[in-house]
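S.K.: Sequence:
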Amino acid sequence: MKLSLIKTVLFSLAASSYGWEHKSHEFRPPLPGDSRSPCPGLNALSNHGWLPRSGKNINLPTFRSAIAGAYNYEPTSMDGFFNLALNFNLSTTGNQSTFNLFDLARHDEIEFDGSLSRNDIYFGDNVHFDHNIWAAVAKNLNLYETLGSEMNQYVTVESAGKACAARAADAKRVNPSFNASAMQVMGNPGTTALYLVTLWDEKVGAAPKSWVRALFEEDRIPYLEGYKVPKIPRTMDDVNEMARRVSAAGV
1 MKLSLIKTVL FSLAASSYGW EHKSHEFRPP LPGDSRSPCP GLNALSNHGW LPRSGKNINL
61 PTFRSAIAGA YNYEPTSMDG FFNLALNFNL STTGNQSTFN LFDLARHDEI EFDGSLSRND
121 IYFGDNVHFD HNIWAAVAKN LNLYETLGSE MNQYVTVESA GKACAARAAD AKRVNPSFNA
181 SAMQVMGNPG TTALYLVTLW DEKVGAAPKS WVRALFEEDR IPYLEGYKVP KIPRTMDDVN
241 EMARRVSAAG V
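Using this note's numbering, you'd call the opening residue of the sequence shown number 1 and step up by one each time.
FYI, nobody ran anything at the bench for these hints, they're computed from the structure. Don't take each hint at face value.
Here are the in silico distance ranges between beta carbons for each label pair [unchecked claim]:
hint: 1; residue 1: Ser24; residue 2: Thr76; range: 22 to 28 Å
hint: 2; residue 1: Gly124; residue 2: Gly33; range: 18 to 24 Å
hint: 3; residue 1: Glu218; residue 2: Asn72; range: 18 to 24 Å
hint: 4; residue 1: Ile232; residue 2: Ser24; range: 20 to 26 Å
hint: 5; residue 1: Asn95; residue 2: Thr146; range: 34 to 40 Å
hint: 6; residue 1: Ala166; residue 2: Lys203; range: 25 to 31 Å
hint: 7; residue 1: Gly148; residue 2: Pro32; range: 39 to 45 Å
hint: 8; residue 1: Ser149; residue 2: Gly80; range: 37 to 43 Å
hint: 9; residue 1: Gly124; residue 2: Trp20; range: 34 to 40 Å
hint: 10; residue 1: Arg106; residue 2: Gln153; range: 33 to 39 Å
hint: 11; residue 1: Glu158; residue 2: Asn95; range: 31 to 37 Å
For glycine and all other residues, C-beta sits at the position ideal for the given N, C-alpha and C.
Assemble the whole structure, with the sequences as input and the hints as a guide.
M.R.: Here's what the structure looks like:
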């Protein structure tokens, strides 16, 4: 009885320290046949059921509800991104008002060279998490170095900007077909800004490393690591301002 009580108390303490899985949106890895994209943030929305768990037939109302419910972005803040997928005729659903996540992988449309966690299409697979690509980015972020000062537990704008620039430089060096398109030039710091804003800890002014790891390494919203939906809605103005800071830090 005493042992059982001790276990219960210890488990409760651990849970309160690290958070709980979302009761209505628990994490489930994709099943064979499910559709996923090169974007960890979108994949995580499907893995938690904010978007269809299949990753298929995503419409605008569902997309708006997902980004607002999971990340507290203004519901219409990313309509431009959604419409790009339709305007570029990426959809393979047979319905031009919806798309599957895998549709976003078509190269040089929304997807571009120099992803932080995926390899370039030149090497064959631009959709699935690439351990070697991510290892280099994680090293530049000092992602696994968390001892010492409290700030060692966070990804700062400065470290994220430098890691972003280093990844783009590496991709240019090894990929003979690297395309420094307008989408790539804007998108590279933009995707870094997006994950920073999404995982931003306002009190610290940085993104917890454990949250960044969960999102990129598992396509998982870091509820277990203590993530909570921010109280103040995020907008594309926030992302654009963060992208400016990321670009400046990467110079």
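S.K.: All hints, please: hold or fail.
M.R.: Quick rundown of the hints versus the structure:
no., hint, in the structure
1, Ser24 / Thr76: 22 to 28 Å, "holds, 23 Å"
2, Gly124 / Gly33: 18 to 24 Å, "holds, 21 Å"
3, Glu218 / Asn72: 18 to 24 Å, "holds, 21 Å"
4, Ile232 / Ser24: 20 to 26 Å, "holds, 22 Å"
5, Asn95 / Thr146: 34 to 40 Å, "violated, 46 Å"
6, Ala166 / Lys203: 25 to 31 Å, "holds, 28 Å"
7, Gly148 / Pro32: 39 to 45 Å, "holds, 43 Å"
8, Ser149 / Gly80: 37 to 43 Å, "holds, 39 Å"
9, Gly124 / Trp20: 34 to 40 Å, "holds, 39 Å"
10, Arg106 / Gln153: 33 to 39 Å, "holds, 37 Å"
11, Glu158 / Asn95: 31 to 37 Å, "violated, 44 Å"
In summary, the numbered hints that this structure violates are 5 and 11.
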